[in-house]
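Heads up: the first sequence begins at 1 in my numbering, then just goes up one per residue.
Simulated from the structure, these hints should not be mistaken for laboratory data. In this text, a Cβ means the ideal position worked out from N, Cα and C, and glycines have one as well. There are no misleading hints in this set.
The calculated BS3-like cross-link candidates involving lysine-lysine, where the alpha carbons are at most 30 Å apart (straight line), are:
hint, residue 1, residue 2
1, 164, 122
2, 43, 63
3, 168, 218
4, 73, 144
5, 164, 218
6, 114, 38
7, 122, 218
8, 43, 122
9, 38, 63
10, 73, 63
11, 114, 63
12, 38, 73
13, 122, 168
14, 122, 63
15, 164, 114
16, 38, 218
17, 122, 38
18, 168, 114
19, 73, 43
20, 114, 218
21, 168, 38
So the derived label-pair ranges between C-beta atoms look like this:
hint, residue 1, residue 2, range
22, 80, 53, 20 to 30 Å
23, 48, 99, 21 to 31 Å
24, 167, 212, 16 to 26 Å
25, 212, 98, 41 to 51 Å
26, 21, 138, 32 to 42 Å
27, 65, 209, 16 to 26 Å
28, 208, 22, 12 to 22 Å
29, 122, 162, 15 to 25 Å
30, 118, 237, 36 to 46 Å
31, 100, 210, 38 to 48 Å
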Amino acid sequence: MPLTLATWNINSVRLRAGLVARLLRDEAPDILCLQECKSPVDKIPAEVFTALGYTHMIARGQKGYNGVAILSKLPMEDVGDMDFAELGHARHVAGRLENGVVIHNFYVPAGGDKPDREINEKFGQKLDYLTGMRDWFHSERPEKAILVGDLNIAPREDDVWNHKQLLKVVSHTPIEVEHLAETQDAGGWVDVTRADIPSGNLYSWWSYRSPDWDTADKGRRLDHVWATPDISNAAHSSRILRDVRGWEQPSDHAPVFATFDL
DNA sequence: ATGGTCGGCTACCGA
Numbered sequence: 001m002p003l004t005l006a007t008w009n010i011n012s013v014r015l016r017a018g019l020v021a022r023l024l025r026d027e028a029p030d031i032l033c034l035q036e037c038k039s040p041v042d043k044i045p046a047e048v049f050t051a052l053g054y055t056h057m058i059a060r061g062q063k064g065y066n067g068v069a070i071l072s073k074l075p076m077e078d079v080g081d082m083d084f085a086e087l088g089h090a091r092h093v094a095g096r097l098e099n100g101v102v103i104h105n106f107y108v109p110a111g112g113d114k115p116d117r118e119i120n121e122k123f124g125q126k127l128d129y130l131t132g133m134r135d136w137f138h139s140e141r142p143e144k145a146i147l148v149g150d151l152n153i154a155p156r157e158d159d160v161w162n163h164k165q166l167l168k169v170v171s172h173t174p175i176e177v178e179h180l181a182e183t184q185d186a187g188g189w190v191d192v193t194r195a196d197i198p199s200g201n202l203y204s205w206w207s208y209r210s211p212d213w214d215t216a217d218k219g220r221r222l223d224h225v226w227a228t229p230d231i232s233n234a235a236h237s238s239r240i241l242r243d244v245r246g247w248e249q250p251s252d253h254a255p256v257f258a259t260f261d262l
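Use the sequences and the hints to build the structure in full.
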């Protein structure tokens, strides 16, 4: 049976509930994972999503910052969350479908401006968060699982608009790319988006600060869909809905979609 | 080298 799943950093689920509804109506994924909801769970406008058939929601929230939610048409069981690097942030939640597939939804710390943990505590927290993920997947190797989210790292040269220029910019530094690769390897995760779209520049985020984001196209691929081999070995396809970045009052991220044949 | 724009929530922090 096909399963379509999407991940989208929404940058305030309350402000953009209408955009979420539009995406759900237009594209009708089975599951939509949101990050940066910036809302306590009880203030997420769940009734908007319920009315469209997304009657199951698994979420973690806090006031003003972070926050992750899984909206689903299919029944899901809440299987908990992790607080890597002990930040006390709502950055992860996981749910299990009735067929046993576990969905992990992550919002990895952005890491601040300076890529040096000695002068920027946030950068150290980002690396520590990834190390926590790595150690967890190493100790409990996932099976039949899909991991999505804003991982805040663009690992490949063609995941950024200018590789050389971004080597010292947080999100594309070698140490971050190395930490992400170790996390991926520890879980045996396959990068589904790049398995489906193996070459060419591919972005999921364009800064608000770029006046003409579409023409300038100074993007980065920060949002990812990974799966364990038992899932990725079957057929799948992917796309990034770039047009959504051009909607009225948009998020700075575009949704990333994947369809699996489970 | 710098500044550019957002959102949340109290006037600045985080992205």
